[in-house]
Every structure is written in structure tokens, then in C-alpha cells.
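A.B. asks: Sequence lines, in order, name chains X and A.
For the first sequence, my numbering gives the first residue as 73, with consecutive numbering after it.
For the second sequence, my numbering gives the first residue as 73, with consecutive numbering after it.
Rather than coming from a laboratory, the hints here were simulated on the basis of the structure.
Just to be clear, a hint being listed does not mean it is correct.
Identical copies look the same in the list; a pair holds intra-copy or inter-copy alike.
[To be verified] Below, simulated EDC-like cross-link-like pairs (lysine to aspartate or glutamate); rule was C-alpha separation at most 16 Å, straight line: (1) K144 with D206; (2) K679 with E515; (3) K806 with D724; (4) K270 with D355; (5) K342 with E180.
No experiment lies behind these values; they were computed from the predicted model shown.
Number of protein chains: 2
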Amino acid sequence: MAAYAVEPTATAPLRGYTAEHSASEVQWEQKFRALPNTDNLRENMRRLSARPHHVGSPYDKDNAEWLVAQLKSYGLDAKIEQFEALFPTPKSRKLELLGPAKFTAKLEEPTLAIDPTSGQKSEQLPTYNAYSADGDVTAPLVYVNYGAPADYEELERMGVSVKGAIVIARYGQTWRGIKPKLAAQHGAIGCLIYSDPKDDGYVRGESFPEGPMRSAEGAQRGSVMDMPVYPGDPQTPGIGAKPGVKLIPLNQVQTITKIPVMPISYEDAKPFLLALGGQVVPDAWRGGLPLTYKTGPSKVMGHLALAFNWDRKPLYDVVATIPGATFPDQWVIRGNHHDGWVNGAGDPISGASPELEEARSLGELLKQGWKPARTILYCWWDGEEPALLGSTEWAEFHADELKEHAVAYFNSDGNGRGFFRAEGAHSLENFINSVVKDVQDPETGMPVWKRAHLAALVRTGRGGEGEGSGGAESRNRPDTRIGALGSGSDYTVFIDHLGIASANLGYGGEDEGGGQYHSIYDDFYWYTHYSDTDFVYGRALAQTAGSMMMRMADADVIPYQFTDEADTVHNYVTEVKKLADTMRAQTKERNMNIAEGAYKAAADPKKVSVPPPVEAVPPYLNFGPLDQASDDLTAAAAAYEKAFAAHTASGDSAVNPELIKTERALMDPNGLPNRPWFENMVYAPGFYTGYGVKTLPAVREAIEQKEWPTVDAQIVRTADALEREVDVLKTATKMLSGN
Amino acid sequence: MAAYAVEPTATAPLRGYTAEHSASEVQWEQKFRALPNTDNLRENMRRLSARPHHVGSPYDKDNAEWLVAQLKSYGLDAKIEQFEALFPTPKSRKLELLGPAKFTAKLEEPTLAIDPTSGQKSEQLPTYNAYSADGDVTAPLVYVNYGAPADYEELERMGVSVKGAIVIARYGQTWRGIKPKLAAQHGAIGCLIYSDPKDDGYVRGESFPEGPMRSAEGAQRGSVMDMPVYPGDPQTPGIGAKPGVKLIPLNQVQTITKIPVMPISYEDAKPFLLALGGQVVPDAWRGGLPLTYKTGPSKVMGHLALAFNWDRKPLYDVVATIPGATFPDQWVIRGNHHDGWVNGAGDPISGASPELEEARSLGELLKQGWKPARTILYCWWDGEEPALLGSTEWAEFHADELKEHAVAYFNSDGNGRGFFRAEGAHSLENFINSVVKDVQDPETGMPVWKRAHLAALVRTGRGGEGEGSGGAESRNRPDTRIGALGSGSDYTVFIDHLGIASANLGYGGEDEGGGQYHSIYDDFYWYTHYSDTDFVYGRALAQTAGSMMMRMADADVIPYQFTDEADTVHNYVTEVKKLADTMRAQTKERNMNIAEGAYKAAADPKKVSVPPPVEAVPPYLNFGPLDQASDDLTAAAAAYEKAFAAHTASGDSAVNPELIKTERALMDPNGLPNRPWFENMVYAPGFYTGYGVKTLPAVREAIEQKEWPTVDAQIVRTADALEREVDVLKTATKMLSGN
């Protein structure tokens, strides 16, 4: 293996730093990266995951208090900020298959002797989906695959309706909250979500405890709140929920499911799947159980009865502050949640524990004389699992300050063994790349950036087709592209609601994770046997995120970079144009096929087969404003870059308050159609994907949802947002070039 | 549904017919298509599949004699032509998993009370692979997925060797004979082939007898002879094996496997799969059993002991002849085999029975005064299952006559419910299209051509991507494209060894077939419950193939058409050029990735991972001769078409003997590299695919197998073959235009 210089002799100064300042920053960062300690990481995890610590549990509060005590012992100013939120927990759960061979689902994950914390029954939340509606329903069952929009189209083609049925969907592909939302929209009255062994069980690897994957009776807890409408406390959208705040009455809350929903294991699901009649499902719908998957409906009835305690519970956010020495009013924020569904060793402690080790190490640096230029906030959020509660309420409460002061938010949410991955605002793409060039990958010894960059070349290329085609761009582009942020963790309120440049960071891809997710087995035993067992990637995460905090906090000029962003936005514009063109061509062709009777000709008369409906051909849309805005952003970014390069040596920091406005400029106070809480016109979680991002969401979703008359207006709004950023950039450029 | 005219008023005369002759032909064909009777088809199948009828069995001979008697009763001149061939049958079979929990495989398909012929144990061949070598081996096991070339590359990447091991491969993807061939090439000493439920078991549909799919103890018999080298009697390549012919000694036969091979059920396979250690397999390698598939090797040993009776057995080909009234020396040939692995209701009787009904119907027409212009041969081949024995020996024996007289060969090999499909020489593409425009689809009432054409539009289009892109060509091209012939049935000797324009015909795609294939359950019970249960597609096949026989036999000028062929050859030339370009680009990129250490960077150090080897970058090749020949063929085909159109009204038939040479011209007497029996330079079964076709095989396989120094010469040989056809076409064109 070639020898890689992991701590390169920095010939060029760090972006946003004068040469002299850069040299001292490099030294401080090197000192910092030597500090995180794997033994501490292990002990942090052991402590924080020792007992179940979900919202409202005794150990959730205990952990928060312990975190504060630890932070204080590092010499940091730390406190709990308390909020509250609606957090339903099960009062009663019943699931049966009626008929001659009546079956009652166990709905329980067994204690394993080998796994010491799996038996903490009295403190564990039972398996359930938070924010499921109460309900008692009896109905035939229909299998809906992943319960995504395309699955319902496929069912319609097979003549199967879910109206009045209980759907049984498998976990995966789409975020779980989308499944009951779509099921209800299609007329279902109940929803079961089970873990198929093809998705995270024996098909992928040996089952726990022989291996890391989900066992026969393992089930996945999780929220099903309609978070693409808004996350956080359902009763206080847009408002930080301090005790006493005015609440929306429960029966007016939009984000609770319309039908009862229940997560089950595949052992509990099997009798329901075996009861299904109807057609054999399409190939892609088949799971890994040894049975013939069919659509249903079932002849026998399912019975699902759920009741919840609709209580408000306290949230304990932990916040530590290191005041900035030079720019105290510019804040750099770090966060990872501390609540878990049960013991939560992987999710979230494998991220929260390195974050604590970062804080300890920064405490050490402070003792050695380092002083951050900007104010640093280290946060451990409560209530992420139910609905990003702690981060959302905190950021809504501090919204005005954050809009004025926040420079960047760096999130993590668990960590594993393997490759660095980041999603984030593309104004941070260059910055993120720059930091991971200075962190060493523990397994290969090469810089983290180098490993991720090289591995991506082969992973996209491997297996033929790719190799020889796509490699050139990623081989030659200086910055490895980062993904866009959807949702699924605490960055959501920062980027989507407040317009703060945010990123989500982590390592993974080598540990065979997934099978423990949101179960009682996501614990210290599982993590130390199957994930980052020696905590070297926990240390790498602490080194990575901590270096980012320091480099962002100390820079003379905030090291945002906009040419990467402009390039990415240009790609998004190309995508939405292509999407409209493809849909137009497909609709024309499909309509022609319907008219010619092609679907009838292709149908097997012994099976029900319904041709798709004739649809209006999508109109030609006016993408002009978006093309113009994309071009303008490209030009403005290039001009800024030129001015920035000329200016760097001066160290003058006057431009920073203007720079902070660049991401804010993308916000439209009217928000996205039907969900005003989401104001970012470039990034949003998909209304029908949940976690999955939709970039240029107002435009893209109007096209995807075929709301043709509205598209042109959304193009204009989106273009306006980009033009607002162009204006900010032009001002910043003028300030840098002093004219 | 629109009303379709199924018997169109033929305004334009049939191709190759004068207007007057066309009108009478249309009438005779209409009379013919009214004759096939579904009751007869059912009774033919009941009789022919009543008992096991493999090569050498009493009922195989009995069926041949019954066929002759039936044909004679129709007034036809029929006889048995007897040949002989090596046909090994099991003497002893043993398969064990050694070690503490010793397991002995059952190797037996159980009798089912509901299925009356499944209990004919004394006449059934046990499960085995014909032409497996004798052997007694004890070794660890390695799972090789489908055992295709790419699977061995993948194993190498995972650091797994099969040297000295018994491989366990699943049925599917590649022809079964390729699996032991490649296993032996990689150093394995034994080979098990099992039927995974993902490929033809419960994953696809309910298991027999509740449904059509393969049950837990069902196994697939079949030949593993190295037929891509040559099919037919292994001891007499190129020579029709009449008794007394000189034989190659057994120990010099090239086409018998190098290692013992055994087909097993998944119930027998399970303990072997569970014994495998090593890495979890890649996603695409996972089958449908409820276990974690791993590569192996196993710690415990497998023991496979096989011994065979290496006997020569008689073959009873049945041949009926209807002498041609006008061109007795021009032969149109029809064939389907009559031997089965066991009862063989689907394979081959569902094709052989309609063929018999065609013969009966033609007998009726003869009584009504119809006389074919050309000589018609109806053949029922023996010994197709072991190695295309009956057809190959017959055609080798009659090679000289066939080269001189044969106009076309129309094959079928079983039949099912659904859509018409054809593969064949592209000089027949227009002809095949013309006939299926006149046959009615029994389920929709529309012409068979129309249904297949429309269904293809939706099937390529459905699911998004395709629709809106690929539809235009198939919508507007007057002739639906037919596939090219690989191997797997009795057309092989005709097209690949003798250069006779051939086609393979059948209906299917709606019956959920596959699970009964080559098992004791492929019988009357299975077929009449799960396939073409009312024999309407049997009737459609008889109507289709019989009409083709008549139309080809009666034409004044043989209705070959060459612009379709030229268009297809042009596509093939484009494909092989693209193949070389893609491989060059991929090799460059892969070499670059290896040099940069990308594979090492991407590897998980906790798993064995071996970078691919650096390979020589493929040279730039001289495709000039092939481009030139393709252009010349295009021009010659267009010129012929013009002359043909001008000539049609005359009815002059002098050109026919020249036309017969067009397909012969593609033959190179030196054959393909390493397999001289295969002489066709446009079509061949793949050396490493078996069934799957390789067009322009000398060129394509030299590229695929990276034999770079040989490619240019193969381009020249292939171009020469095309230019020979061009010359024939030019002569034919001159003859037609009379100058």
C-alpha cells in the first residue's frame, strides 16, 4: 500500500484563514485530533446505553443530568434546557388473525441470556409505532409491498383495492410514516408493518445473536407521525414548547395517523401472509420468507386493537456553550440526540458518545490556551426518535437568535465502521472535503477523504457497466460530492425551517447493521460484537466533527464556497427538466398504448388486469426563470470565488454577517405547498418519501404529483429564492473586493 | 375491444405467389386452419405421455410405432428411421454430507396420490444428469451461484477457490451443461446442481400439486454434455450413427463432463447449503430458502459417488413424407421431438401432439385435392433430451441431400398458453410475421401477430423507464423482430451445422411453467391443470406451424426476405463494435482503479477481498471488413427486394435453387474456433452460455474471451461469409430481373 501523508504540510493556507492564522489553526487541530480516546468512547456508551432511555423514562433524564455533569467536569458551561411534547405510549395492543385457526400475535421481543440488557422488561417500551391513532378494526388483509405510491399503482393494475382492509406492508424503501399515510389515503382502515428477512433478516446475514441481523421475533419500533408536514411537538408547530405554551387540541392535530398502525416481527407476520389469497405478487415484491407472497385480500379477518396514553412528556436537551473570543455573535452548533427507543447503543449513543469525547477534548484545548473565535454550542437532543422533538422545540424557541447568529449546524446520529459519508448544504461541500483530507482512516491509514474517494470509484464502477463510464467525473472533480439532506434526524429544523447551512456526518458501510435497529437488541452487546467493536470509528467521528467545529469556528472569513453549490443546483435544474420531459414522453406513449389496446392484449385473461388510466399529457413548462437563476448563481459564485481568493490574505472579517445570509436567502416564508413549516426552496424531505430528499421540492413535487397548473408558479418562487442568494453573494463579493 | 379481421381479405398477394395462386393458397390455408381439434390434441397427449418414454425405454419405441400407425391412418407415407447413440443411465448414485450430523440425500421424487402417473416408479429414470462422468469424490463444498463465468470472477474477488471442492450451483440463468464445464475448468472435482425455490419453486408460485411450481423434493433431470462443442452422439461427431458406424472410443470423447455431476432438490440441497462457511454471498446470489447463503467452503465434507451404464441405445425417428407436386427436390421440414425425460407431457408432447394434428389435417387436405408444390417432411425426433440425438444423427446421415434440397426447417419443442414467440434465421422474419397475421389468438380473438406486437409494446414499456423511449421502433416497424437461435432444441443441426433457414415456434408466457420441467410431474395431470388446459394454444400452434409449412411449400418463389436480415446483421455488427469499445473503456478504468489502490480502499479489512487482475487494454480492432460486408448485404438485400417486387407477377420459379444457397453461404467449412461442427458464422449457441445465442459468434466470442490477436481474422472470416451471401443474392437478383 502506498504511504499517504495524513497530516499534510499545509502549503496553501486553510480556506478563510490568513497564512499565519492557518498555521496555528492546523497545529491546534492536530492537537485536538490526538485527544479522543477509544476507552472513553466505550465507557460513555456503556453508561448511556445501560438502561432503556426513551422520552419520559427515568434513565432519559438521568442521562441528561449525567451529560451535564460530565461537561461541567470538562470545564464547560453546560445546562439542561427543558421543553415538553406530546408523546403517546401504548395502553393496550392486540393483533389477531380470526377464523378457524385463530392466531394471536406475540408482539414481544424475547430476552436472550447472552445479551445482558435484553431482559430489562420493566423499563422497555413495548413494540409500537408512535403517533399511531387509537383504533379497533377488523378487516381482511391486503399485502402492499413497501406501501409506496408505485405499489398502490401496481395493485390497481392487478385489480386489488385496500378500501376497508388492513394493509400489511414490509419495512424498508420508504420511511415508515409514509406507509400508514398512503394506506389511509387509499381507504385502508389499519396498517401492519413487518420486518421481512429479505430486508434486514437472515437473507442479509446471520440472525442475532449468531450474527447482526434481525431475528424471527425482532420488531422495529418507530415514529409514524406525518413529519413531512412538520416535525416536533404535534401540538405546537413552529413554536418552542415550553410548559404552558398554547396547544392545538389533540383532535385537530394533522400529523397523527388516520388509522391504527402496528410494527410486527416476521414470525408474527407469517400467519397473516399465509392467509392471503389473490394473485402471486410481482417479482420485486417478494420477501425472504419461505412462502408464496400474494396480494390478498385474505378470506379470514385480521383484528387490530390499539389504545395509547396521549400524554405530554418532558424533554431534556443538554446544551454546552464555549463563548467565542472574537465573534461571539456567530454560532457554530453541533448536535446528536441522546434518547433511544430502548437501550439505543447504536442509535444514538454511537454518535452521542463521540460527541461527548469531542467536548472533553475541546475542554482540554481550552485549558491549553485555545480560544474559538466564534461561539460553539454542543447539544445533545432529547426526543429525536418520536419526532425530532428536542431539536425542533429548542430551535423553534431560539429561532430569532439562530436566524441572526447561526453559521452552521453539524449533526450526527449514530456511527459505524467503514466509509465517511456526509449530506449537507452544498455551500459546505468544499469545507467538509477539506476537513476529511486531514483525518486518518483507522483501517487503511490513508486520509478519510482519500479512502471514500477511491472506494466510490470502484463501487460505482464495479460489475461492468459503470466502470468505463462514470468514473471520470468523480476521479477528476476536486471535491467529492456530498448528498442533499432529506430528513430523519435533528438537522431538519436547522436547514429546512431556519435556513442554516447544515450537514449530517458519519461513518459506516462495513458493519452489517440494520437488524438491531429500534429493537431491544440495539445495545452494548450488539454494538461491541457487530459494529465499531473497538471504537476506532467513534474516534474518527470525534476527530472529524470536532475538527469541523474548530475550523468553522476559527476562520477569519466563513469558509462557505458557492461554486460547488451552483454546480449542484445546475444539476438539480437539469433533473427536474428531464423529469418533466420523461413524464411527458411516457404519458404520450402510455396513452397511445391504452388507445391501441396494448394493455388488454398483454393481459392474461385468467388474471385480473386493469389498464392504467388515460392521463392528460404534461404541458410544456416555463423553466426559463430557473435556468436564468441557475446561470446567475453560477456567475455570482464564480465572481465571489475570485474576490475571495484575492481577499484572503487580508484577514478582514467584515463580510461574515452577510455570508450568514446566503442560506437564509433560500427560505420562502410561505413555505412549501401544503406544508408551510418547510421553507427551504432547495432542500426538503419528500412528501411521499419521508426520509428521502426532494431537491427544488416545490418544483419537483408539483411535477411528480402532476399538479401541472401550479408548476410554473413554483418555478418562479424557487428561482426567486436562488436570485435572493445571488443578491447576497453580489453584496458579499463587493464587500470583499472593496467596491 | 376492437373487432379485428382475423382472416383479412388478402388484397396484396402472398409473398412469392402470383395473385391467382395466392388466392387459392389463402383458401387452402383457411380450410387447413379449421381442422385441428382440441379433443384430438388432448387424446394425443394422454396417449403419448401415458408412461415414461425416454431413449431406450419400451414406451419410447411404442410411441414411435404408434406415431407411424397414426400417420399412415391419415394417408401419409411414414416410417421409422433408426439410429443409435451413447446414452448413459445411472448404475448407482450416492450423495452424503459427512461429519457429525451425517446426511444422506434422498435423490428421489415422491409419488403423489393425486397425480396418477407419478407412481410409475419401475419405468422412471431416476434423477441424474446425462453424460456426467463416473466418479467418487469427497471434498468440501463451495456455493457458486449459477456457476456462470461472472460468478467465478466474483468468487475470486472474495478470495474463494473451488480447487479440489465439490461446487453447489443452482439451476438457471446459464444452461446446465455449462456449470460442470466451468467448475472443472476452475479445478472443482464434483458438481451438484439444485433447484432453488427462487428460480422455479414457491417464490414464484404455489408448489405442485397445490400449484404449478417445483416442490421441495422435485429435481430437474437433464443433459450436461458439452453440446456447444457438438451435439448428437458423442462417439460419431458429424456422422449419422447407423448401427455399425465407426465409434470414437469412450475415453476420447470430448463432450462428456470431466467431473461427476448430480441434480438435486432443494430439500436435499439444504443441509449442504447450511454447512457452508465463509462470507455471506452478494445480493444477486441469494436464493429463496430460509437461510443465510454463504460462499463456503464447508468444514464438513460432501461425498458424491456416481456410476453409469455407458450403453448405446436405439433411436427411433419418425418421418412422414408428402411428396412435392411441382418442386419435389425442394424440401420443407417440420420437427418436434417425441422422447421425454419421464412422462414429458409438457416437454415435448405439448408440441409433438399439435404436430401430429397438423399432419392429420394436411392428410385431410390431400384427400380434398390439395397438393404441395414442394416436398414436405414431418419428423418426430427421438433422443432430443440427452443431446439432440435423433435430429442430429438423422441430419448428419442425410447431410448431402439436405444441403441440396432443404428450403426451411420449422421446429417446436413443447407449447403453452399465451403469446406467440419465434426465433429463427432472419431471412424468415418477414415470412413468420406474415403467417401469424392470419392466425387467431384463442384468448383475445385478435390475430396472433397483433397480440404479440401490442403486448411487446407494453411489456418493454411498463414500469416507467422503457415507456416513452423504446416503443417507437417496435410500434412502427412492419415486422416484429424475431430472436436469433441459440441451442436447446432440434433446430441446432439444421441451422448451425447445415446452414438451413430454421425457426423455432411456440406459444407461452401465461402458464406458470417451469416447476415441472424434467421431473416426474411433467405429466398429463400437471399439464391439464396448469398449462394450456383446454388445448386451444395447442390448436393455435398446429394452425401456425401448419400454415407455415403450406405457405413455404407452395410458393412460386421461396418467400425469404433479406432486408430484415441485413437490418439485423447491421445491429449485430454495431453490438460487437460497442462490446469491444466498452471492454476497452472498462479495462482502462479498472486498471487505473487498481493502480490507484481503489479496490484496496473499498475493501473491508475484516473480509477477504482480492482486487481484480490488471489486464491488457484491448487493442483497436479492424471492423472495416464487417462494416463493408454489412453495407454490401444491405445494398444487395434492397436490390433483391426491388427485383423481387417487379418479378412477382410472373410466377417464374427458376431462382429458387439459387435462393436455397443464401443461408448455406453463411457456413464456413472450418467452423468456429475450437468447435468445427458449428459452421454458421452468424448464429451459434454460446460456448459459455449453452442455450443462449451468440450472433457473429467467431467475432463476439473472441472479444468476450479476450483473444485479441485472433479477432481481426475472425472479422475477416465472418465478413467473407456475409459477402458470400451477397454474391448469391446478386446472382438471384440478376435471375429475377433477367439480366
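A.B. asks: State for each hint whether it applies.
C.D. replies: Evaluated hints:
Neither within a single protomer nor between protomers do K144 and D206 lie at most 16 Å apart by alpha-carbon distance, with minima of 43 Å and 78 Å respectively. In the homo-oligomer, the alpha carbons of K679 and E515 lie at most 16 Å apart only across protomers (12 Å), although the nearest pairing inside one protomer, at 54 Å, exceeds that limit. With identical chains, the CA atoms of K806 and D724 are at most 16 Å apart within one copy only, with a shortest distance of 13 Å there and 89 Å across copies. Taking CA atoms no more than 16 Å apart as the test, K270 paired with D355 passes in both settings, with 13 Å inside one copy and 10 Å between copies.
Taking identical chains as interchangeable, the C-alpha atoms of K342 and E180 lie at most 16 Å apart only when both belong to the same chain, with a minimum of 15 Å there against 30 Å between chains.
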